[in-house]
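Protein chains: 2
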Amino acid sequence: MIRRLLPSALVIAFTGAAPSISGPATSSDRVPGGADRGMPRFRADGALLRPDGVERWVLVGTSLGLGYSNATDDGVGMFHRVYLEPGAYEHFLRTGGFRDGTMLALSIRKPVNRVPPSRAGWSEGELAALELAVKDPERFQGGWAYFDFGRDARSARVLPRERCARCHAEHAARDNVFMQFYPQLRAR
Amino acid sequence: MIRRLLPSALVIAFTGAAPSISGPATSSDRVPGGADRGMPRFRADGALLRPDGVERWVLVGTSLGLGYSNATDDGVGMFHRVYLEPGAYEHFLRTGGFRDGTMLALSIRKPVNRVPPSRAGWSEGELAALELAVKDPERFQGGWAYFDFGRDARSARVLPRERCARCHAEHAARDNVFMQFYPQLRAR
Numbered sequence: 001m002i003r004r005l006l007p008s009a010l011v012i013a014f015t016g017a018a019p020s021i022s023g024p025a026t027s028s029d030r031v032p033g034g035a036d037r038g039m040p041r042f043r044a045d046g047a048l049l050r051p052d053g054v055e056r057w058v059l060v061g062t063s064l065g066l067g068y069s070n071a072t073d074d075g076v077g078m079f080h081r082v083y084l085e086p087g088a089y090e091h092f093l094r095t096g097g098f099r100d101g102t103m104l105a106l107s108i109r110k111p112v113n114r115v116p117p118s119r120a121g122w123s124e125g126e127l128a129a130l131e132l133a134v135k136d137p138e139r140f141q142g143g144w145a146y147f148d149f150g151r152d153a154r155s156a157r158v159l160p161r162e163r164c165a166r167c168h169a170e171h172a173a174r175d176n177v178f179m180q181f182y183p184q185l186r187a188r
Numbered sequence: 001m002i003r004r005l006l007p008s009a010l011v012i013a014f015t016g017a018a019p020s021i022s023g024p025a026t027s028s029d030r031v032p033g034g035a036d037r038g039m040p041r042f043r044a045d046g047a048l049l050r051p052d053g054v055e056r057w058v059l060v061g062t063s064l065g066l067g068y069s070n071a072t073d074d075g076v077g078m079f080h081r082v083y084l085e086p087g088a089y090e091h092f093l094r095t096g097g098f099r100d101g102t103m104l105a106l107s108i109r110k111p112v113n114r115v116p117p118s119r120a121g122w123s124e125g126e127l128a129a130l131e132l133a134v135k136d137p138e139r140f141q142g143g144w145a146y147f148d149f150g151r152d153a154r155s156a157r158v159l160p161r162e163r164c165a166r167c168h169a170e171h172a173a174r175d176n177v178f179m180q181f182y183p184q185l186r187a188r
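Keeping their order, the protein sequence lines are chains A and B.
For the first sequence, our numbering assigns the number 1 to the initial residue and increments by one for each residue that follows.
For the second sequence, our numbering assigns the number 1 to the initial residue and increments by one for each residue that follows.
To be clear, the hints were calculated from the coordinates, so they are not data collected in a lab.
Every residue gets a Cβ at the ideal spot worked out from N, C-alpha and C, and that includes glycine.
Some chain B residues well away from chain A (every beta-carbon gap over 10 Å; in silico):
id, residue
1, Asp36
2, Leu49
3, Arg50
4, Asp100
5, Gly142
Mimicking SDA-like on lysine to any residue, the simulated pairs with C-alpha atoms at most 20 Å apart in a straight line are:
id, chain 1, residue 1, chain 2, residue 2
6, A, Lys110, B, Gln180
7, A, Lys110, B, Met179
8, A, Lys110, B, Gln184
Can you make the complete structure from the sequences, with help from the hints?
If you want it as structure tokens, here you go:
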């Protein structure tokens, strides 16, 4: 019943442009709760550290089974939650734009059904993967880069452009962000 | 394509026990941001005021088309987001229980499909209704009461027991809360 996680289902949720590290990356393992709270943290080798507390960020959109191509089986696909880091959310509400350092997180869960007492519909199973989009024009060509932490990796490297960035650049409604799927953002 | 919002689809998400106001209600229009921040606010006549900023609360679960009876048409039902007020969320993480004053919010949205560039799956349309569950054993028989703000009502009265409370009392996994649908709560 559950469609396997297709690359196309991932690609639709995020993208920037050429997400290659544009120069020597610098260490920025900063103090949690300090001035850099809410900002992405990178290792010296350029890998992004998995942020803590994503489940407390602001949910901007949910979807089930989003994909690019017509479904070819009867599966329902995966549940997506897309979160915006709270500081970036407040910035967006004030300005309508995404500040440098903006992080969006995509959590991916398998759907489950017939969890008692439900007899119809779908709710969320356990976490399958966490992906991140980061805006940092000084670090990434095109401004944004994308990262896949899987279920529990503590750090992740930039994904190749074909995985996310191209589609976001071509199809996202504003600044590489798929506003069209996020009700409380598209209302602004 | 879109199944109409059935009472059964609502009932599944919330419920307490007999949600009648047990005595003369008192006014508690408290100062936002003060000591009562994160607590429900009632008018003198017992109506609950719609809380601000629910979209910043902690999402605990998403579902599509959850219902009690077998689906009778090919509609997919409604998207549900269930939020827990942040103070109550932190209390839950510490104790595994729901403090007095806990608020859970259910936002209901129609699903939309084929929003470009998607060609499969469902994302969220505009808000159809906001419902609230409030734990207040001094105020409500059975401990919990349920409220329906529709799309934009500023206050709401307690719903009759048949609407939500009975099913929550009978089927919710813990203290009238449908933990079984909320991944990051059921993990605790």
